[in-house]
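Per this note's numbering, the sequence shown starts with residue 12, numbered consecutively.
Derived from the structure by calculation, the hints contain no laboratory data. Some clues are possibly wrong.
Here are the simulated DMTMM-like pairs of lysine to aspartate or glutamate, each with C-alpha atoms no more than 25 Å apart in a straight line [unchecked claim]:
id : residue 1 : residue 2
1  : K110      : E142
2  : K103      : D129
3  : K110      : D60
4  : K101      : D112
5  : K143      : D129
6  : K149      : D121
7  : K110      : E100
8  : K101      : D60
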Amino acid sequence: MKKHILTLVLSSFFYLNSAAQSDIFPKGDPAPAENFTGRVWLKVLVANDSIFTSMMGNVTFEAGARSNWHAHPAGQVLLVTDGVGYYQEKGKQLQVISKGDVVKCLPNIDHWHGASADKPMSHISLNTNTEKGIVIWKEAVTDQEYQSLRK
12 MKKHILTLVL
22 SSFFYLNSAA
32 QSDIFPKGDP
42 APAENFTGRV
52 WLKVLVANDS
62 IFTSMMGNVT
72 FEAGARSNWH
82 AHPAGQVLLV
92 TDGVGYYQEK
102 GKQLQVISKG
112 DVVKCLPNID
122 HWHGASADKP
132 MSHISLNTNT
142 EKGIVIWKEA
152 VTDQEYQSLR
162 K
């Protein structure tokens, strides 16, 4: 009986914690499959316009999901809001990122980001000076690359 009560209490705790996180910003719609590997969701929080010249979105990656290699003509800032993930610039070492981290993606630098192999990750993406362009998508990070980069 005690085991069942403990299971119920722990299940309720984890359900409430995950529900509380998802209530901050909605998960959104599935992100374009041609730019991501695995299941990724995007919710645009601030649409691009000519007044603020910025765009902001909530991006949620399931475990193992990731973006393709890409670059931002004016750079990008990532605010990690939940989970554990990876960020890597072309030719550099992989960085582990987690809740509370802020990543500055410099202009025109090829990079990718996504969830760790065993934990999901969410971040707010902030693109500024969008009159210079928002993103240039490139090739996918293959499963083989993803596995080898983490070693």
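Here is how each hint holds up against the structure:
{"no.": "1", "hint": "K110 x E142", "verdict": "violated, 30 Å"}
{"no.": "2", "hint": "K103 x D129", "verdict": "holds, 22 Å"}
{"no.": "3", "hint": "K110 x D60", "verdict": "violated, 29 Å"}
{"no.": "4", "hint": "K101 x D112", "verdict": "holds, 20 Å"}
{"no.": "5", "hint": "K143 x D129", "verdict": "violated, 36 Å"}
{"no.": "6", "hint": "K149 x D121", "verdict": "holds, 9 Å"}
{"no.": "7", "hint": "K110 x E100", "verdict": "holds, 20 Å"}
{"no.": "8", "hint": "K101 x D60", "verdict": "violated, 30 Å"}
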